[in-house]
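K.L.:
Below are the chains, spelled out letter by letter.
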Amino acid sequence: MLYREAGQFKSSYAEDGRIFPIRQDRVGFTLLMLVFGVAVPLLANEYWLKAILTPVLIFSLAAIGLNILTGYAGQLSLGSAAFMAVGAFAAYNFILRVDGMPFLLALALAGLAAALVGVLFGLPSLRIKGFYLAVATLAAQFFIVWVLVKFPWFSNHSSSGVVTAQEVSILGYAFVSPEAKYVLTFLVVAVLALAAKNLVRSATGRAWMAVRDMDVAAQVIGFRLMRTKLLAFAVSSFYCGVAGALYAYTYIGTVEPEGFNLDLSFKILFMIIIGGVGSILGAFLGAAFIVLLPILLDNLVPALFGDALGAGFASNLQLIIFGGLIIFFLIVEPHGLARLWQIAKEKLRLWPFPH
Amino acid sequence: MQFFIEVLIGGLLSGVMYALVALGFVLIYKASGVFNFAQGAMVFFAALSFVGFQEVLPARFGMEAGSAAVFWLSFLLAFATMVVLGIATERIVLRPLVNQPPITLFMATIGLTYVVEGLAQMTWGANVRGLELGIMDEPIGWLMDDYGIGVSKFDLFAAGVAASLVALLAALFQYTKVGRALRAVADDHQAALSIGIPLQTIWRVVWAVAGFVALVAGMIWGARNGVQFALTFTALKALPVLILGGFTSVPGAIVGGLIIGASEKLAEVYVGPLVGGGIEGWFPYMLALAFLLVRPEGLFGERHIDRV
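Quick note, the sequences are listed as chains A and B, same order.
First residue of the first sequence: 1, per our numbering; consecutive thereafter.
First residue of the second sequence: 356, per our numbering; consecutive thereafter.
I should point out that these hints are in silico values taken from the structure, not numbers from a laboratory.
We put the CB at the ideal spot given by N, CA and C, even for glycine.
Treat the hints with care, since some could be wrong.
What the hints assert, rightly or not - To be clear about the criterion: a stretch of chain B counts as covered by chain A if any three or more of its residues have a C-beta under 8 Å from a C-beta of chain A, and this derived list gives those stretches:
1) 445–453
2) 457–464
3) 564–574
4) 586–599
5) 643–651
Said to hold, decoys possible - Chain A is nowhere near these chain B residues, computed Cβ spacing over 12 Å in every case:
6) 396
7) 417
8) 430
9) 478
10) 481
11) 512
12) 515
13) 516
14) 531
15) 543
16) 630
17) 639
As the list claims (entries may be wrong) - Label pairs and their calculated CB-CB ranges:
18) B:485 to A:48: 40 to 50 Å
19) A:100 to B:359: 50 to 60 Å
20) B:625 to A:343: 38 to 48 Å
21) A:349 to B:531: 34 to 44 Å
22) B:362 to A:312: 19 to 29 Å
23) B:625 to A:303: 49 to 59 Å
24) A:220 to B:431: 53 to 63 Å
25) A:216 to B:542: 48 to 58 Å
26) A:127 to B:454: 27 to 37 Å
Please model the complete structure; the sequences and the hints are all you need to start from.
P.N.:
Right under this line is the structure:
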């Protein structure tokens with residue numbers, strides 16, 4: 001009843017090509033943006049901003065990156081954390097070694113550096129498919145982390161390999177408080193997410209989807225496989241790289257190469273699977289789910305079972321619940337949370353009438 | 356030259372141990388098309404159960420510690436545990452996910468990895484334990500004395516176990532009724548189903564056999580490095596072996612293991628010092644990747660023909 005498009009006519013191409021063709025969606029989206037862009041930094045406390053909202057946004061960006069590659073272009077990758085590492089360390093070095101490097105430019109350059117590495121490791125995808133490719137991307141995961149550890153130049157010869165991100169300042173304003181860092185992250189993520197949404201609706205996105213559904217058929221009808229696949233690797237790695245740089249600069253502050261390990265890659269993969277493969281909204285939902293779940297379990301498990309069980313038991317129980325929930329989600333809704341939202345929208349159109 | 360041969364043999368023998376883990380992957384992939392990431396966790400769980408039963412049996416039931424009876428009973432109990440785990444996996448995880456795309460099944464096995472790891476440590480505790488198989492990790496005397504080449508008795512034993520395991524599996528596949536059904540399912544699920552082969556029974560058998568392979572691999576790796584959480588990482592060692600040998604080939608797993616083991620150790624010794632060492636982590640992957648560029652389906656994998 002409330003969620004109806006009746007009476008909303010499209011009278012121009014621009015109106016037809018909108019991201020949100022229905023007025024209710026546009027209002028809802030604007031409200032969402034206002035809530036998370038204005039109300040949240042004003043109202044939320046420091047813990048929420050620092051430990052939950054900022055990482056959710058950053059991981060969403062990384063998940064969008066992986067979603068472009070896996071969800072839209074169909075190339076399974078297990079190396080997203082490595083591309084985040086490239087982004088983080090590239091940003092660090094650009095800011096460290098170039099005097100007066102503006103932060104946003106460094107962020108873009110970090111993304112480009114990651115894109116370059118991504119294209120390099122995307123080359124095998126022209127020959128290899130499916131799980132073989134997934135295992136091949138593990139080569140990127142291990143190799144990149146090894147390079148960052150073994151060549152101390154990347155961490156400016158820090159003895160432990162740990163680098164501390166410099167202070168972020170744009171046009172003389174220093175982003176120090178959690179609120180400021182959150183807003184910066186929010187803006188970057190919002191712009192890039194919008195760009196991604198438009199990209200996957202464009203000719204490029206359609207080419208990716210054609211390649212995903214069947215690459216030989218796509219090639220036969222004239223898509224250039226090499227260009228399409230490598231572009232997917234480049235764009236995906238760009239997003240992961242920017243996410244990595246944000247991870248270092250607006251979230252944890254000190255990073256080491258080993259922090260970007262295989263576990264992180266798996267986490268990002270979980271995000272897109274749980275959120276919904278091939279959906280930008282899904283990347284956000286999945287990231288929120290994966291970041292919030294351990295925190296929820298941290299609080300819930302001792303509350304339910306008491307402290308008597310010991311820390312070891314609690315952490316093992318968390319492992320089991322986490323793994324179990326993933327399996328449960330895959331069984332109940334293999335298309336992810338984004339699909340649930342879609343179903344909800346279809347139901348809302350008719351509600352409260354049966355037909 | 357002696358040193359080269361020593362490194363080469365050491366590498367080949369450790370390659371056999373990788374192949375042992377890879378074998379578990381191949382079995383499940385061949386029969387059900389599931390890329391079972393939980394194999395490493397299964398190795399850990401199996402080894403932990405074995406050691407756990409070895410501790411529990413003398414303590415609770417008054418059996419003589421270190422006796423052959425305890426050893427074999429623990430072995431059987433650990434195997435039974437793996438069978439139960441395999442059947443539960445088939446029932447709870449795989450059956451509801453039939454007909455889902457392979458990536459979904461793959462993700463489910465990553466979830467399974469967490470569950471199995473948590474379960475293993477919850478049941479048996481997280482301490483590092485030793486595992487004694489009665490074979491010393493020392494060089495063979497006469498080889499050392501006559502030729503100056505050090506080859507560990509233990510490595511040779513592991514190689515022997517792997518070889519007999521492969522022979523056993525090959526016989527199972529080739530000469531038994533179940534084996535024939537397994538091959539039929541591996542060839543074509545639907546065709547196998549249509550001539551009356553019970554798919555779910557076959558999957559249970561395969562998971563049980565993979566559990567057995569995991570137990571053997573876990574005991575050997577555990578005797579080598581101690582039974583600890585690091586055993587789960589054996590899966591990561593097995594992956595390059597898999598892509599090199601092909602996901603669907605049992606001999607491929609063995610040959611791939613030998614190639615990876617030998618080249619990894621040789622590279623670590625001869626190339627490692629040039630670039631600062633520690634290349635064992637990624638070298639096998641790079642090697643397998645370079646190899647795949649030439650043969651995208653691995654050494655013995657089935658050639659994939661694209662049809663539109």
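K.L.:
Each hint: holds or not?
P.N.:
Hints and how they fare:
1. 445–453: holds (count 4)
2. 457–464: Contact hint for the stretch 457–464 of chain B vs chain A: holds, 6 residues under 8 Å.
3. 564–574: violated (count 0)
4. 586–599: holds (count 5)
5. 643–651: The restraint on the stretch 643–651 of chain B holds, since 5 of its residues have a Cβ under 8 Å from chain A and three suffice.
6. 396: Incorrect as stated: the minimum Cβ-Cβ distance to chain A is 9 Å, not above 12 Å.
7. 417: At about 28 Å from chain A, residue 417 (chain B) clears the 12 Å cut-off, so the statement holds.
8. 430: 25 Å, holds
9. 478: 9 Å, violated
10. 481: 6 Å, violated
11. 512: 30 Å, holds
12. 515: About 29 Å separates residue 515 (chain B) from the closest Cβ of chain A, which puts it past 12 Å; holds.
13. 516: 26 Å, holds
14. 531: 29 Å, holds
15. 543: 18 Å, holds
16. 630: At about 7 Å from chain A, residue 630 (chain B) fails to clear the 12 Å cut-off, so the statement is violated.
17. 639: 9 Å, violated
18. B:485 to A:48: 40 to 50 Å: 47 Å, holds
19. A:100 to B:359: 50 to 60 Å: 54 Å, holds
20. B:625 to A:343: 38 to 48 Å: Given about 59 Å between the Cβ atoms, the range is violated.
21. A:349 to B:531: 34 to 44 Å: 58 Å, violated
22. B:362 to A:312: 19 to 29 Å: 40 Å Cβ-Cβ, so the 19 to 29 Å window is violated.
23. B:625 to A:303: 49 to 59 Å: For residue 303 (chain A) against residue 625 (chain B), whose Cβ atoms are near 56 Å apart, the range 49 to 59 Å holds.
24. A:220 to B:431: 53 to 63 Å: Hint holds: Cβ distance 56 Å, inside 53 to 63 Å.
25. A:216 to B:542: 48 to 58 Å: 23 Å, violated
26. A:127 to B:454: 27 to 37 Å: Check passed, 29 Å falls within 27 to 37 Å.
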